[in-house]
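**Q** From first to last, the protein sequence lines stand for chains S and P. Per the numbering used here, the first sequence starts with residue 1, numbered consecutively. Per the numbering used here, the second sequence starts with residue 1, numbered consecutively.
You may find that some hints are simply not true.
Same chains, same names: a pair is fine if it fits in one copy or spans any two.
Unchecked claim - Listed below are the simulated DMTMM-like cross-link pairs for lysine to aspartate or glutamate, each with C-alpha atoms no more than 25 Å apart in a straight line: (1) Lys78 - Asp42; (2) Lys16 - Asp52; (3) Lys189 - Glu225.
Bear in mind the hints are in silico, worked out from the structure with no lab data behind them.
There are 2 protein chains.
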Amino acid sequence: MSSLLVVGSVAIDSIKTPFGERGRCLGGSATHFSVSASFLTDVAVVAVIGEDFTAQDEAVFHERRVDTSGLIRIKGGKTFFWAGEYGFDLNTAHTLDTQLNVFADFKPTLSDEHKNAPYLFLGNIQPTLQREVREQSNAKFVAMDTMNLWIDTTRDELAKTIKVVDALIINDAETRQLTGEHNLMKAAKSVLSMGPKMLLVKRGEYGAAFFTKDSYFAIPAYPLEDVFDPTGAGDSFAGGFMGYLSQADQIDDATIRRAIVYGSIMASFTVEQFSCDRLRKLQPNEVLARLDQFQDFTQFDLDPGMGIVVHEELAPGAV
Amino acid sequence: MSSLLVVGSVAIDSIKTPFGERGRCLGGSATHFSVSASFLTDVAVVAVIGEDFTAQDEAVFHERRVDTSGLIRIKGGKTFFWAGEYGFDLNTAHTLDTQLNVFADFKPTLSDEHKNAPYLFLGNIQPTLQREVREQSNAKFVAMDTMNLWIDTTRDELAKTIKVVDALIINDAETRQLTGEHNLMKAAKSVLSMGPKMLLVKRGEYGAAFFTKDSYFAIPAYPLEDVFDPTGAGDSFAGGFMGYLSQADQIDDATIRRAIVYGSIMASFTVEQFSCDRLRKLQPNEVLARLDQFQDFTQFDLDPGMGIVVHEELAPGAV
Numbered sequence: 001m002s003s004l005l006v007v008g009s010v011a012i013d014s015i016k017t018p019f020g021e022r023g024r025c026l027g028g029s030a031t032h033f034s035v036s037a038s039f040l041t042d043v044a045v046v047a048v049i050g051e052d053f054t055a056q057d058e059a060v061f062h063e064r065r066v067d068t069s070g071l072i073r074i075k076g077g078k079t080f081f082w083a084g085e086y087g088f089d090l091n092t093a094h095t096l097d098t099q100l101n102v103f104a105d106f107k108p109t110l111s112d113e114h115k116n117a118p119y120l121f122l123g124n125i126q127p128t129l130q131r132e133v134r135e136q137s138n139a140k141f142v143a144m145d146t147m148n149l150w151i152d153t154t155r156d157e158l159a160k161t162i163k164v165v166d167a168l169i170i171n172d173a174e175t176r177q178l179t180g181e182h183n184l185m186k187a188a189k190s191v192l193s194m195g196p197k198m199l200l201v202k203r204g205e206y207g208a209a210f211f212t213k214d215s216y217f218a219i220p221a222y223p224l225e226d227v228f229d230p231t232g233a234g235d236s237f238a239g240g241f242m243g244y245l246s247q248a249d250q251i252d253d254a255t256i257r258r259a260i261v262y263g264s265i266m267a268s269f270t271v272e273q274f275s276c277d278r279l280r281k282l283q284p285n286e287v288l289a290r291l292d293q294f295q296d297f298t299q300f301d302l303d304p305g306m307g308i309v310v311h312e313e314l315a316p317g318a319v
Numbered sequence: 001m002s003s004l005l006v007v008g009s010v011a012i013d014s015i016k017t018p019f020g021e022r023g024r025c026l027g028g029s030a031t032h033f034s035v036s037a038s039f040l041t042d043v044a045v046v047a048v049i050g051e052d053f054t055a056q057d058e059a060v061f062h063e064r065r066v067d068t069s070g071l072i073r074i075k076g077g078k079t080f081f082w083a084g085e086y087g088f089d090l091n092t093a094h095t096l097d098t099q100l101n102v103f104a105d106f107k108p109t110l111s112d113e114h115k116n117a118p119y120l121f122l123g124n125i126q127p128t129l130q131r132e133v134r135e136q137s138n139a140k141f142v143a144m145d146t147m148n149l150w151i152d153t154t155r156d157e158l159a160k161t162i163k164v165v166d167a168l169i170i171n172d173a174e175t176r177q178l179t180g181e182h183n184l185m186k187a188a189k190s191v192l193s194m195g196p197k198m199l200l201v202k203r204g205e206y207g208a209a210f211f212t213k214d215s216y217f218a219i220p221a222y223p224l225e226d227v228f229d230p231t232g233a234g235d236s237f238a239g240g241f242m243g244y245l246s247q248a249d250q251i252d253d254a255t256i257r258r259a260i261v262y263g264s265i266m267a268s269f270t271v272e273q274f275s276c277d278r279l280r281k282l283q284p285n286e287v288l289a290r291l292d293q294f295q296d297f298t299q300f301d302l303d304p305g306m307g308i309v310v311h312e313e314l315a316p317g318a319v
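Extracted from the complex, chain S is given alone in its bound form (with noise of 0.2 Å):
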């Protein structure tokens, strides 16, 4: 049995960045999150495709060991299609086509066994479908993804939806756009009222902060020199976390930092090539290193023992 489901997009993506395009690869959010998570769990993967999806787009879930029993070929359909493109400062994705084609029917319903799995991951789909996967699960633990789209047209629903996860994991924007405030502080307390006890903000090259009602978490993201593609950094971001906490199988505050971490350094790669290649080709070792790599580069050490004060002479009223 999976310890980590996720419920999202499979889809066939075109690409151009500053550095290059690819006509034709694979991507979706349960695609990238699935490929992060295998590095760390086992992970299965519900979503639909098309007939014109090959078995060489399939290959990388079976590289991976990802479940795909719940992957559903619709005959006669189209894998869920979108074009995107990236300027050179690489944050935003204008979008050039999307084509729901099969996505736009999609129903999920679950396996018995996915239904078990303790883990679960709302990739970003329609709010309504989310929270109906979320009714069908018994996971113990819950998180969700959403987008602009959603925020803007579905409001409503998308509220009910959060209020009925453990953690809602955005980005900085969306979140501004969520709740009205540009103040991330006061944006995360006003997530916060809407009922998850976890609000993750992914912040790209500036990397991640993490909030709960009485605790605060932040870590820049690990330092690149060549970002080629940034598509599926936030999915692959939350493969690496839900990965991590469904290993470990505890929710604490010192392990949710670590799967924190986990989900930058799985990133960190995804947006090193186009699609899932630099994943296809990742060693654990080279996690592993980035890991250390990524603790040498934010540790410090406030007493060193040395004396050193803040002039307490000089303290207001003192002089």
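Chain S is already provided as a structure; the job is to place chain P on it using the hints.
**A** This is chain P only, laid out in the frame that chain S set:
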């Protein structure tokens, strides 16, 4: 004798933010720098003021025991004046008015005592002047700031100055503008090839990143729910950084990392109110409390002894 010298501007500012406005208040790079550094070390300021600079304007330097023997008052002159406005994102100041006044003829000459201050910060002034100050000084560690104006208009002079300092402390937009590289890692390499041993990049609400030829360090920012006025954030960051180095009187990686955290915490107070208002009231125990919190907000331990593994059996080629 002061341990740390700053040469820069002392100004009268007029500031509008979405949260309020202040028609006339104390500002300037040397002001924010020295007030911040004064919590950690003995600091002297070299700058020029006009006859309009009041005893009240000057009071903060005396409260903080900043050595003002290098504060030159020009008879009949007017103090450098800057008026600026911030939008809701608070990231970019829109300059409404700049009157150089006495600052136009500023030719800093260091006293013998000031020449021997072991730590020197060249605040954001014309790069030729910065270099002239650097040449007068016997400091063992010199850092400098600059701005988009000098990158645009005096690039060659700026490059000559950057070549003769130990550390450049600028924001990410300036780093990109100076090098023409969008990617920060590439931009940092390019800056280091210009001469300085260290580059410290200020990233506003996203924290700071530090680069040498063979090391990297990054921190997120101290999270604030209410950022009132970002004016002086960069200078108080540099003041905390240099103030800490000056007190520790030691330049190694661990000390520099601590100094960056101190800088970040000092800046987090500065932006909570207009001008130096917050730092004038700041108590040493508030600094220490925020340092503690910051450590808590950022620490993680990747080695939980739980036997977490990256799936070796799924290495490419192993399947």
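**Q** Each hint should be assessed against the structure and marked as holding or not.
**A** How the hints compare with the structure:
In this assembly of identical chains, lysine 78 and aspartate 42 lie within 25 Å of each other by CA distance neither inside one copy nor across copies; the values are 28 Å within and 71 Å between. Taking the shortest alpha-carbon separations for lysine 16 and aspartate 52, only the intra-copy value of 22 Å comes in at or below 25 Å, while the best inter-copy value is 58 Å. Taking identical chains as interchangeable, the C-alpha atoms of lysine 189 and glutamate 225 lie at most 25 Å apart only when they sit on different chains, with a minimum of 10 Å there against 34 Å within one chain.
In terms of the numbered hints stated before, the structure departs from hint 1 and from no other.
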